[in-house]
Each structure stands twice: as C-alpha cells, then as structure tokens.
Amino acid sequence: MRVTQKILTDRSMQNLNNILSRVLRTQDILSSGKEIRRPSDDPVRFNQVLSLRTSIEKLDQYTSNVEDGINWLNLVDESLSSVSGVLEKVRTLVLQGANGTLTAEDREMIATEIEAYLEELIGTANTSYAGRHLFSGTQTLTVPFSREGDIITYYGDNNSIILEIENNTTLAIGFPGDDVFFRGFEASSGDMTSVDFNNYNGSSFTINGKIVNIDSATITSLSDLVNLINNDPNLKSEVYALSDGDRLILRSRTAEPLVLADVNGTPLEDWGMIDSGVDILNSREAEGVFKVVEDIIKDLRNNEVSKLSGEDLGNLDEALDNLLAVRSQVGARTLRLENSRNRFEEFSVNFKKLLSLNEDIDVAEVVMQLNEHQNVYQMALAATARVIQPTLLDFL
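The sequence shown maps to residues 1 to 396 in my numbering.
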C-alpha cells in the first residue's frame with residue numbers, strides 16, 4: 001500500500017488523540033478521586049458500587065430513625081420521671097394530711113398545693129418533642145389533655161407510634177396517654193356474635209348517665225354502635241374492637257371511670273355481643289394518675305383521714321408502680337434502639353471500606369500514571385513533528 005502524506009498525518013493525529021484521551025481520563029480520575037464513575041468504566045464493579053451505596057443510604061436512614069426514636073424515648077422517660085417525682089411529693093403531702101392533729105384549714109392548704117401539682121402533671125403529660133406531643137398516641141399534633149373544671153379529657157388516640165428500625169422490622173415507641181395516665185375498662189373475652197338490631201329497636205343504656213339509644217334505622221351492626229359512641233363528644237368514651245375479633249374495648253376519655261347502666265335490663269348480653277354468664281367489664285388494676293390525685297384533693301377537703309391513709313395512699317402507690325412498669329418498657333426499648341444504632345454504625349463502617357476499595361483511587365499511583373501519559377504525549381508530539389515532512393509552504 002502506498003503511504004501518502006495525508007495517511008501519515010491522519011494516523012499521527014489519531015495516535016496523538018488517543019494518548020491525549022488517556023491523559024484527560026487520568027486527570028478526571030485524579031480530580032474526582034473515583035476510579036469508577038460510570039458503567040462503562042467497569043460494569044461489574046459499577047453494580048457493586050451501586051449496591052454498596054444503596055446499603056449505606058439505608059443504614060443512614062435507619063440510623064436516623066433510631067436516633068430519633070432514642071431521643072423520643074429519652075424524653076418520655078424524663079417526663080415519666082418528672083411525673084413520678086411529683087407523685088412522690090404528693091405522697092409526702094398525703095401522709096402529712098392524714099395526720100389527725102391537722103385542722104380543716106391545714107388540709108385545705110395541702111389540697112391547694114396538690115392542685116398545683118395536678119396542673120404540673122397535666123403540663124408534663126402534654127410535653128412535646130419537635131412539635132409532636134409524646135402522649136397523644138398517633139395524634140401527635142393534638143394536645144392530649146385538657147382540664148375543664150373537674151374534668152380532665154384525653155383527646156389523643158390509643159394507637160402507638162411505630163418506627164421502622166430496619167428492613168421489615170418495626171418498634172413501637174409511643175405510649176398513649178390514656179394507657180399511662182388514665183384508667184380504662186376492658187370487656188372479658190367471649191365470642192362476638194351476629195346481632196339483629198331490629199329486635200332491639202328502641203333499647204337504650206347509659207354511659208356515665210348519658211343515654212345511648214338504639215335505632216334500627218341507623219344501627220344495624222356492631223360497628224354502627226361503635227361509631228355512635230365514638231362520635232358523641234358528650235359520652236367521653238370510645239369503643240374499638242381488638243384485632244383478634246373476640247373483644248370490644250370501652251375506654252374513658254377522662255380520668256373518671258366509666259359507669260355503665262342498663263335502662264331495660266342487661267343489653268350487652270341481650271344483644272349477643274358476648275356470651276351470657278361472662279362478666280361484662282373488668283377494670284384495669286391501676287388507678288389513673290389524675291384520678292388518684294383528684295381523689296386525694298377531694299378527700300383532703302372533706303377531711304377523710306381514713307381514706308387518705310388507706311385507699312388514697314394505696315392507689316397512689318399503685319399509680320407509682322404503674323409508672324415504674326411503663327418506664328421499664330421505655331428503658332427496654334431504648335436499649336434495643338441503642339444496640340441497633342451500634343450495629344448500624346459498625347455495618348456502615350464496613351460497607352464504606354468496601355465502597356472505598358471498589359471505587360477510590362490510589363492517589364500516588366494515579367499521579368504516576370498521569371506523568372507517564374503526559375511524557376508519552378510529549379514524545380508523540382516530538383515524533384510526529386519529525387515524521388511529517390516539510391511542505392512547499394515551509395519554504396515560502
């Protein structure tokens with residue numbers, strides 16, 4: 001093949017461009033610090049890099065979730081510790097008030113002091129973290145407790161905040177206020193049966209003196225009855241079915257226990273909601289914190305010395321034990337989150353090491369490669385200048 005000047009020039013330019021491309025690629029690698037920057041660099045290693053980055057991002061998110069959960073639980077524990085401290089002060093005042101030598105005026109002063117502690121308890125129960133209330137269940141934007149006269153009402157729900165702490169693993173970090181500060185009633189276990197409400201049209205019963213009427217035109221199922229009770233603000237109670245389908249729960253939204261009465265017999269058994277012969281309601285063992293303190297204030301003002309030293313003191317100790325049990329749950333969940341955080345941090349360090357091995361450069365090696373490519377380029381330029389012969393224009 002006859003080699004022309006044009007072929008020689010084109011081949012020289014092609015070689016120069018190839019060498020210059022290696023120089024530019026090495027400069028890009030050195031400036032980015034990453035050997036793998038696009039799939040074409042190394043498809044297999046690029047997929048490994050993507051997988052490692054995804055794992056690290058998930059770990060970072062789980063670590064952030066866990067940190068938020070730890071902060072939340074720490075504040076819950078601090079709040080419950082504050083409540084326990086206030087109740088200990090109330091207990092001291094109860095023992096003082098139970099002294100038979102005190103006058104009615106002395107007990108009134110103690111009652112007034114405990115009133116202030118009750119307000120402090122309500123304020124602590126309304127504690128918020130980053131704009132979210134600790135004891136509102138999942139209704140975190142709602143102030144959970146409000147006092148109107150002698151009635152303390154709970155406006156949250158009975159659900160718990162669920163935190164995703166790793167893949168397919170969640171942890172409840174919320175403690176609904178009615179579980180911590182109130183007393184509820186739970187229906188005994190028994191099979192729930194279908195009910196024809198047409199047979200009970202016009203029946204009624206009362207919750208804390210408020211009448212609930214059964215109208216078969218609107219109440220055709222147990223869920224309709226549940227909605228009727230839950231949507232009536234005057235009833236100060238709520239009903240919901242447990243997930244096992246075997247029980248209905250009736251809770252008070254106030255510190256006062258629920259008092260159920262039947263106008264025309266025993267409606268819960270008559271309607272077939274539970275088997276006959278089963279106790280309809282069982283109260284929880286622990287008295288609610290607010291109810292205990294309110295009873296103490298009332299008994300101080302009524303000079304009920306025997307109640308103060310007996311029932312009230314016992315209920316107060318029971319409330320303290322209940323708070324201690326809740327705090328133990330808080331501590332156990334906090335410990336689990338802290339263990340998860342430590343594990344995530346170890347995983348993150350290991351994954352980042354693997355990522356560095358797959359994509360990071362050896363700076364010294366790349367600098368040497370860059371110098372080598374630049375030297376080759378300079379030599380190629382010199383060689384090209386010698387190979388390409390002078391033309392007539394060089395002599396004009």
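There may be inaccurate statements among the hints.
[Said to hold, decoys possible] Straight-line distance between alpha carbons at most 35 Å, and here's what the computed DSBU-like set of lysine-lysine pairs gives:
#1 K6 - K34
#2 K89 - K291
#3 K58 - K298
#4 K34 - K291
#5 K34 - K307
#6 K291 - K58
#7 K291 - K307
#8 K89 - K298
#9 K352 - K89
By construction, these hints were calculated from the structure, which means they are not laboratory data.
Just to be careful, I want the Cα atoms of K58 and K298 compared with a cutoff of 35 Å; is the pair within it?
violated, 55 Å
*Does K352 pair with K89 here, judged by a C-alpha cut-off of 35 Å?*
The hint is violated at about 52 Å.
Q. Regarding the pair K89 and K291, is the alpha-carbon distance no greater than 35 Å?
A. holds, 16 Å
Does K307 sit within 35 Å of K34, going by the straight-line distance between their CA atoms?
Violated, at about 77 Å.
Does K89 pair with K298 here, judged by a C-alpha cut-off of 35 Å?
Roughly 17 Å separates the two Cα atoms, so the pair holds.
Problem - Pair hint K34 and K291, alpha-carbon separation not exceeding 35 Å - result: violated, 65 Å
Open item on the list: Does K34 sit within 35 Å of K6, going by the straight-line distance between their CA atoms?
Closed with: Measuring from Cα to Cα gives roughly 40 Å; hence the hint is violated.
request  = Could you grab the alpha-carbon distance between K291 and K307 and see if it respects the 35 Å cut-off?
outcome  = holds, 14 Å
(message) What's the verdict on K291 and K58, does the C-alpha distance respect the 35 Å limit or exceed it?
(response) violated, 45 Å
Checked against the numbered hints given earlier, the structure breaks hints 1, 3, 4, 5, 6, 9 and satisfies all the rest.
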